[in-house]
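Protein chains: 2
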Amino acid sequence: MTDLSATDAGSVALRSTAEIPVRALPTTDAADAQTPRIPLADPSPAAPEGFQPKAFTGEVIPFRVVAFREGHDVIGVHLRLRTPNKQESLHRLTPLGDGTDRWQVDVALDEPLTWTFRFEAFADEFATWAHAAAVKIAAGVDVDVMRALGAELIQRAAEDTTRPKKQRKHLATIAERLASPEATAADAQAVATDPDLAALFQERPLAALDSATPWRTILVERALAGAAAWYEFFPRSEGAVRTADGTIASGTFATAAERLPAVAAMGFDVVYLPPIHPIGRLNRKGPNNTLTAGPEDPGSPWAVGAAEGGHDAVHPDLGTLADFRAFVETANELGLEVALDLALQAAPDHPWVTQHPEWFTELPDGSIAYAENPPKKYQDIYPLNFDRDPVGLYTEVLRVVEHWISQGVRIFRVDNPHTKPLRFWEWLIRTVNTKHPDVLFLAEAFTRPAPMRGLAAVGFQQSYSYFTWRNTKAELEEFLVSIAHETADYMRPNLFVNTPDILTEYLQFGGRAAYRIRAAIAATAAPLYGVYAGYELYENVARPGSEENLDNEKYEYKLRDWAAAEAEGRSLAPFLTRLNEIRRAHPALRQLRNLRLHWSDDDAVLVYSKHLDRTFTGTGEDDTIIVVANVDPHSVRQTTVHLDTLAWGVEPGAPYEVEDLVTGSVWTWTDHNFVRLDAFTEPVHILHVKGQR
Amino acid sequence: MTDLSATDAGSVALRSTAEIPVRALPTTDAADAQTPRIPLADPSPAAPEGFQPKAFTGEVIPFRVVAFREGHDVIGVHLRLRTPNKQESLHRLTPLGDGTDRWQVDVALDEPLTWTFRFEAFADEFATWAHAAAVKIAAGVDVDVMRALGAELIQRAAEDTTRPKKQRKHLATIAERLASPEATAADAQAVATDPDLAALFQERPLAALDSATPWRTILVERALAGAAAWYEFFPRSEGAVRTADGTIASGTFATAAERLPAVAAMGFDVVYLPPIHPIGRLNRKGPNNTLTAGPEDPGSPWAVGAAEGGHDAVHPDLGTLADFRAFVETANELGLEVALDLALQAAPDHPWVTQHPEWFTELPDGSIAYAENPPKKYQDIYPLNFDRDPVGLYTEVLRVVEHWISQGVRIFRVDNPHTKPLRFWEWLIRTVNTKHPDVLFLAEAFTRPAPMRGLAAVGFQQSYSYFTWRNTKAELEEFLVSIAHETADYMRPNLFVNTPDILTEYLQFGGRAAYRIRAAIAATAAPLYGVYAGYELYENVARPGSEENLDNEKYEYKLRDWAAAEAEGRSLAPFLTRLNEIRRAHPALRQLRNLRLHWSDDDAVLVYSKHLDRTFTGTGEDDTIIVVANVDPHSVRQTTVHLDTLAWGVEPGAPYEVEDLVTGSVWTWTDHNFVRLDAFTEPVHILHVKGQR
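Protein sequence lines correspond, in order, to chains G and W.
Read in order, the letters of the first sequence are residues 1 to 693 in the numbering used here.
Read in order, the letters of the second sequence are residues 1 to 693 in the numbering used here.
If you're looking for bench data, these hints aren't it; they were derived computationally from the structure.
Check each hint, because a few of them may be wrong.
Same chains, same label: a pair holds when it works inside one copy or across any pair of copies.
[Unchecked claim] The list that follows gives simulated cross-link-like pairs (lysine to aspartate or glutamate, DMTMM-like), each with its CA atoms no further than 25 Å apart: (1) K377 / D144; (2) K435 / E182; (3) K435 / E396; (4) K473 / D98.
Remember, predicted model here, so these are calculated numbers, not experimental data.
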């Protein structure tokens, strides 16, 4: 569906219905009934009660509403949209025709901030007449009555002074011809079935019984909120070197910046850095999460704070605040944005602990409570207590965030937001975005659906998701439908393929194919995806019994030779680069809600498509991508895929060309196609439908 | 789940949290955040936006809400209910424990009119301490800290002057013991795991971070709105006799009243009469919906109005208004209520047509538009136009309804409400119910889901449903889940097994078994069901190509010999009688929302149960019914049924006795049971679980 002929604000002002006299009804005035004259229900986009739905600039939003009326008369439905600057436009909805009485129009919201919208339904008097007249005149029933009714309607439109003069004259001529006693049944039938006249009244209907939903809002955020490829790396590892005495010297912002051109060359949009602050020395964790750290162990960056400072400070090993700013500048020059970690917790030697004990939970013995999951304790971390001095603590967090914003940061990846009050996040994000609408927050919550959805509803622009744990075809199908069609109005999943915390069994035991499959799906199924450095090198050895990398980078430096790996063909970087190129070349992949599942006969072959109408591609051509993925990393699968080709405007059975955007192969496909997907070579087809109008 | 210890209003007043200082936050005060400190979402019962959910007196309502908090601390959730008389009670919810963060408590609303409710969540400080203390003390961790924390908490409760004196003294003793330096770890562990203390704090928690949803309302209507067995018959057929000249003399209210004792004896609650008004003579329909009626053809009662009067008049053949009142009185004395048809349309000779042409659609040639589905016309009927003089027409309909209310009618079965404006129904039902809250409206709409649900949302107390067209096991499973678990908060389906308009192929070709199967399911799956007279006699011959009875009673008299049929074993009446007895004896069957599907290995054997906790049965015992139905009317099915016996408190594998309430057979069942269901004898088991506490 496409954006149908937006018209200027004044032209479709609501008219009152001529024949309803304005008198009071006895007992109760129907005017206070909830139901509009033409019922309208279930408007969307919609967020959980109390919150507003969101979009990003360029996102194509399906605006939907249920509308119906009694009897057989034809109705029409409009979406009235107001931009943040109060520019109004009107869009005609199309009935889905699936028995749900649901209507839809797709509109791209191309400007940030808050838009308002409502749906308007009306009795479409011309369409009602034209349908009845065509059927009855053909059957020889009521010919004169239909002719007279048509003449009256069209004359009424001709007298509408808000219509263009030329149109009015044209309509008057038709009305006169219809009204003439000499008009034949064939004349009347010609008017009733005239496509030009139908189009004229489609654009500006003869409307009655005007009805409307209340106004609603939708928040539009900048494009990067909804479409971006993320790359995570530890700056201390980049440029770290083993010194003569066997210890490792930390990388710095300066050496880490040397990695940025490669990240940009791979086509990523965002570089996310784990916390860059001083790391606590008290109870510091050693390698592999052991409880005793040696003097050379750098500790976990998430144990924030030490004598050198807390959340507003930079780890001395990395450099100075000025070095950080230089890093950000280099990134920006390469077209990369920098995302900082916001980990609201403190190492025991964080300055907050002594300066603001009221921000922690104090125990009867005067000590501060560690993070714990009784009887387990995490002695390198004090959790914050948001209820003892909320004003003080909220203000301090806001200060920290503003501090980093002033250093050029516009994106925060928030660590474990589900362990802090939802109400706090609602306040923080709204407060920050009121002043800085371009600042984005990604929620790193891996928990039950209700809190994850809650974080998205209260304002997080992006959310980590269950993607890493959805590996079979059945799991992925359910997951993809859920993110694209159940929660997309307010939740934007970022499909990280791995993180320092998550190395799933699928990756541990799936070999290189697993890495390829997961990256291809993440990059094409959702407009937001992410990779944690090392994925390119197929790092797949876990600490026994855990779902984390062995010798985890959280607790030590990682020395990686990217260039050698690539030269020796041991790197996925070329494939990631190609994926990001494909994403940039294909706007259909930078949308979430356009995902559609298709069928295959094999229980490991997942099929989905993403289609974007030419109205929205900016190229004048439709953009359609079909992804066929063998999600079994251990075998070759041969099967038939069955496609609903109407989704990209191809009649069932008709041939069309597809090009594999990875291998360059070109095939002629129809709605049923044989595929052979070899886990050990190319387990995934990313196909572009060629030659679209 | 059961109604947990309602307490008096004052006792659980919301307390403020001591440690949150009342200062203003910078920029934006979190106090205006939508999210309460403990998030609460998705409260139910809930109706479509703008409307209120409904219940009927005695209905057990699952009150549910999503509630969770950050971290591991224990929360509690209360339902605060206010009766229409503002009596407050508090009910503790139980977490469903299925990963949805959903909590539930079941409450029976036992008083009509509007109740208000809200959900309240709180940090449960005692439970949090008791859990942590039990685990940590057992592990030898933080014993003194936990002891001190416990002493502080319990002492705080002891100082709460709203608690009973005796309880305070008891708590003070415990606190003192815990605080004593001589207290051992075992002493502290004993307090942390003391079930009596836990119960004391469960009833009156030590609550912090008090949070609440906004207040919501639920409309409670009288019991018959939600649970009743309906019987439809044409009064003109009852007592109609063939006269010497071969014509038929109409039955009257007096002769029809002679049928009432038999209807009452079958156990029905409501007698529904098709329109009793004068029937139009102009373009009257003849037998089998033919266009020409002979002089003796009585016409369709739905062609309302003639020279003798319109919607407020009685057909002279039936008697007088006084005769009608006598009929109502006889019915009432037999424990039956009378439902009248409200068919808002007019025969061409209805007095409205000449007196109020503005209530119809006038055509350019001065004629009035017939009902039509172009090019088809229905020339015995003029539809009303609700938009030309809404005040006049609305007022007249209200007058008609009030007129019948004054004749003793309290139930209206509304013909084709989906062909009139939804807004009109919202106004009419609210206006009537404001004055007469006991008046009920049943919506006879067979159309798409959106308008059917809309009619229920705007106020109809009951709705016809898709039941007649749901005949296979798969269809019925989907249908039953939909009515019991998707729309039950605002829609009450009345499962008519047949109507004068609907004789499905299942009944036409399914033989006597079909009639038995459908009645058993209708009577046990939903608390509202209905039968149109003739069903008992297995009348199953349709007009060819139609879904209606041949020689349809809508257009002619039906002479039926009920007694002879019964005497000769040709009647389903004894089975219907038994079904209604079972419904009266088993309160579980008078609920809609307690339906639960179970599994069988046969694709024609449908299994469901209805369970009601003893809190609600009024007998002191649980009530559980298991229905196992062979929905294939042409064969014997043998299979195994697999039951979730925990639904009625029986451990999987444990034996229990069930009694077939139709045959009297008693079996010992477990969770897996063999059944043999013979379509030609007893195709349905209606089993009562015996010996429940």
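Outcome of the hint check:
In this assembly of identical chains, the alpha carbons of K377 and D144 lie at most 25 Å apart only when taken from different copies (16 Å versus 88 Å within one copy). Taking identical chains as interchangeable, the C-alpha atoms of K435 and E182 are never at most 25 Å apart, the minima being 70 Å within one chain and 58 Å between chains. When the C-alpha separation of K435 and E396 is checked against a cutoff of 25 Å, the pair qualifies only within one copy, where the shortest distance is 17 Å, while the shortest distance between copies is 59 Å. Taking CA atoms no more than 25 Å apart as the test, K473 paired with D98 passes between copies only; the shortest distance there is 24 Å, against 27 Å inside one copy.
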